[in-house]
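A.B. asks: Please construct the entire structure, taking both the sequences and the accompanying hints into account.
Protein chains in written order, with the numbering used here: chain A, 1 to 227; chain B, 1 to 249; chain C, 1 to 213.
Hints were generated in silico from the structure; no laboratory data involved.
Any given hint could turn out to be false.
These stretches of chain C come out as covered by chain A in the derived footprint (C-beta under 8 Å, 3 or more residues) [to be verified]:
no. : segment
1   : 45-57
2   : 78-85
3   : 101-112
Remember, it's a predicted structure, so these values are computed and weren't measured experimentally.
Glycine included, every Cβ here is placed at the ideal spot set by N, Cα and C.
As a plain string of letters, each chain reads:
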Amino acid sequence: MAHSINSGYSAWLKRDLLLAYRRRGEAASSLIFFVMVSTLIPLGLTPESAQLAEIAAGMIWVMALLATLLSVDGLFASDYQDGSLEQLLITPQLLPMPVLGKITAHWLTTGLPLTLASPLLGLMLSLPTAGYLPMLCSLALGTACLSLTGAVGAALTVSLRKGGLLLSLLVIPLYMPVIIFGTATVTYAIDGLNWLPPLAILGALFAASVALCPLAVAGALRITSAN
Amino acid sequence: MSWQWFHRLGSPRWFYQTSTRWLPLLALIAAAVLISGLVWGLAIAPADAKQGNSFRIIYIHVPASFLALAGYYIMAIAGAVGLIWKMKLSYMVMKSAAPIGAALTFIALLTGAIWGKPTWGTYWVWDARITSMLILLFLYLGVMALQYAYHSIDAASKAGAILALVGTVNIPIIYKSVDWWYTLHQPATIKFTSAPSMHIDMFLPLLVMIIGFYLFYAVALILHTRSEILRRERKTAWVRELIEPEARS
Amino acid sequence: MSQSPLLKVDNLAFERDDSCLLEKVNLSLNSGEILQIEGANGSGKTTLLRLLTTALQPSAGSILYSGVGVSKCRYQYLSDMLYIGHQPAVKLTLSAEENLRWMINSAVKTNQLTIAEALDGVGLSGYTDIPCYALSAGQHRRVALARLLISEATLWYLDEPFTAIDKQGVSFLEQRLQEHLNRGGAVVLTSHQDLSLNNLRKYSLSSELGQVA
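C.D. replies: Take a look at the structure:
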């Protein structure tokens with residue numbers, strides 16, 4: 001039984017990674033969005049590095065949130081359309097495991113690249129040096145929370161046309177704690193404070209999301225796919 | 001069967017007929033409590049030493065904020081009962097609770113803003129409670145938007161229930177993190193008048209108003225649920241008979 | 001006491017928004033039998049199949065697998081079952097071989113046949129490594145049907161398996177179904193096609209349902 005539970009996870013993880021690899025362009029677009037929007041900030045606000053440095057942490061986090069939101073919409077959409085979702089619902093394995101596999105793939109293809117690209121944005125927005133490591137750590141944990149929570153919204157809206165905008169409405173309020181503690185981690189470090197406590201809370205949010213979100217997604221998929 | 005009362009409670013028809021009997025009385029009590037609370041609070045209670053008469057808006061603001069949050073839990077519990085016992089009436093209550101709760105949240109925000117102008121000199125500050133209240137409004141809007149997005153009533157009900165439950169798990173986390181965020185940024189020395197430190201002459205009318213709001217909420221929820229019952233059960237015999245009694249004879 | 005049938009459906013009903021899509025469905029299926037579900041469009045054929053696969057929850061009634069309710073033996077039931085839906089679940093950016101690999105990945109009961117052999121068996125030998133968007137609708141269906149060659153599951157649920165398939169494909173599929181039945185398998189399928197198989201039984205869904213209850 002243990003073997004079969006794990007195989008449900010890894011089979012869907014591998015498959016979604018392969019699919020993302022085949023559509024590299026699509027996967028890259030949320031990363032490009034992330035970088036592009038960051039050029040709007042100096043243009044819209046100020047090119048002065050002192051002022052940019054003050055808002056850099058918050059801006060990077062807001063953009064990471066929006067970039068995740070854009071991509072999480074497609075998490076179950078194509079599976080719903082081509083009938084794969086039906087097959088997912090009737091795998092003998094426990095449904096939350098394959099679901100977690102799909103979410104992991106989503107994080108590996110969006111959250112992780114965003115995290116790795118964030119130093120570049122930090123550079124563009126004159127983020128103080130002390131902020132880089134905390135930013136990488138908090139984004140790595142935080143984007144995983146965003147993928148997990150976003151998956152619940154994606155599952156609730158999968159059978160709806162134009163579900164993308166609705167998805168944002170459902171999910172953004174749930175994202176508030178993540179963005180609060182994510183930016184706090186970076187600003188604590190910049191202000192010379194111990195940045196581990198807010199990061200630890202982010203870790204706690206992540207642990208809670210890993211435990212609960214796949215269950216909510218599984219429940220939501222059974223409802224929406226019946227439609 | 002000891003569960004019989006529970007299933008009877010779940011019957012929309014039983015609910016409709018029973019509420020027809022009790023609703024006028026409940027509405028009367030709610031109106032009486034609200035009016036006496038309002039008169040007491042707005043006219044009889046003493047004015048605040050610092051804020052003068054402008055503090056009297058708390059007689060609307062505080063009860064509305066109470067009910068806004070309690071309403072979300074009522075909605076989520078109704079949704080959970082629907083999911084667990086597959087009770088249709090419970091989904092109707094859930095759907096009715098969303099707009100009422102959203103309206104109360106909006107009233108709380110609006111009265112807060114109106115109160116803010118004379119007190120702090122500005123309509124809006126990013127205070128922890130105000131921010132939490134705004135997020136609560138977003139959560140309500142999400143549940144409502146999801147319900148309206150589905151054509152199928154069953155799917156709308158269940159999806160709404162799941163979202164409400166997810167929101168319920170999140171509300172304490174959101175409130176705590178907003179509180180924490182606020183202390184982190186602690187701007188001016190703005191503070192709400194907190195209820196327990198109030199003078200008893202000011203507090204008693206507030207208590208009456210809170211009870212009045214709960215009663216009003218119950219009346220509004222029952223009324224809304226009744227119209228939802230009629231809408232969803234419009235094809236059943238008993239509703240047709242109710243609407244067109246002469247058509248049957 | 002006689003042995004309980006492989007699949008038994010008791011008084012199954014499915015409602016949505018107070019309209020009854022299926023009602024009083026009673027059927028039973030033994031090893032070696034094939035059941036063809038017939039009915040007009042919208043009579044609930046796909047709904048019935050999806051109820052059998054547990055993708056949908058019935059409003060009333062029960063589905064028994066070897067005499068046990070399917071919710072009590074979920075793992076055993078689902079691992080002994082194969083479902084090919086109306087949509088073939090083929091990913092366009094993956095090749096036929098990759099598609100088949102993940103399709104059978106979560107399957108528990110499989111035989112020794114390789115993926116290449118299975119694709120060869122459904123006549124896709126020259127197309128294994130081409131992305132599926134270059135293939136036709138019939139070829140997509142064949143990719144999905146290749147699962148039938150690898151699967152050792154007893155119960156097959158097939159929703160319109162003959163759609164978009166040419167004559168040759170139809171006779172191949174019939175032959176494969178007969179083999180499966182001869183080995184003690186059982187099949188429930190929806191189709192408007194007249195099938196020439198042994199042990200074929202038909203079940204008609206009346207189209208009067210779907211009205212408001």
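A.B. asks: Which of the stated hints cannot be reconciled with the structure, identified by number in ascending sequence?
C.D. replies: none
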